[in-house]
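So in our numbering, the last spot in the sequence shown is 281, and the numbers never skip.
Incorrect hints may have been included.
With a straight-line cut-off of 20 Å between C-alpha atoms, the simulated SDA-like cross-links for lysine to any residue are [said to hold, decoys possible]:
1) Lys272 to Leu201
2) Lys272 to Ser176
3) Lys257 to Gly218
4) Lys258 to Glu170
Simulated from the structure, these hints should not be mistaken for laboratory data.
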Amino acid sequence: MSILKSVDKVLAAFGNIRAMERLHVDTFTEEKIQAVDGEMIAQSSQGQLWIGQQELNGYLFLEVVVLSRLNIKTYRGATLIFSSENGDFILPSDTQEIESDYSNISNRYMTRISFDLSKAQLQRIKKGDFEQVQFVFKKKKVLTFLRSNS
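Build the full structure now, drawing on both the sequences and the hints.
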């Protein structure tokens, strides 16, 4: 493995962009991953779902951070589906262009998305009135998270 790293160092010295990217250590994104704002509400083997709330001019927004090994990139937005015995509710994303930030230290992606939210939906989320959360993007890609007990 050290031979490949040595070759990358030589290639990077000659200006090879891909070799430079492989050698680059992204401490900026890793620091953001380590200090995520908000509360982790759900997790699974696919990753973690963190939330925070924001109010602008009387409108409520759910600020979501998804930490996973999956690179999320779309220009059509995403949806969150909260499932429970009391019925499901769906949140469409306010953000249409979504792109993940990658950290090569922990080999994870961090994705920030904003969702429109009503007061009733916010109360259900705060109470933990859901068993699972599905994050759907690109019509077929689904990340499923189970409610965290914390």
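Cross-check of the supplied hints:
Restraint check for lysine 272 and leucine 201: satisfied, since their Cα atoms lie roughly 10 Å apart, inside the 20 Å limit. The suggested pairing of lysine 272 with serine 176 holds, with an alpha-carbon distance near 15 Å, which does not exceed 20 Å. Straight-line distance between C-alpha atoms of lysine 257 and glycine 218 comes to about 16 Å, which keeps the hinted pair within the 20 Å bound. Proposed proximity of lysine 258 and glutamate 170 is supported: the alpha carbons are some 13 Å apart, at most 20 Å.
Going down the numbered hints, you'll see the structure goes against none, and every one checks out.
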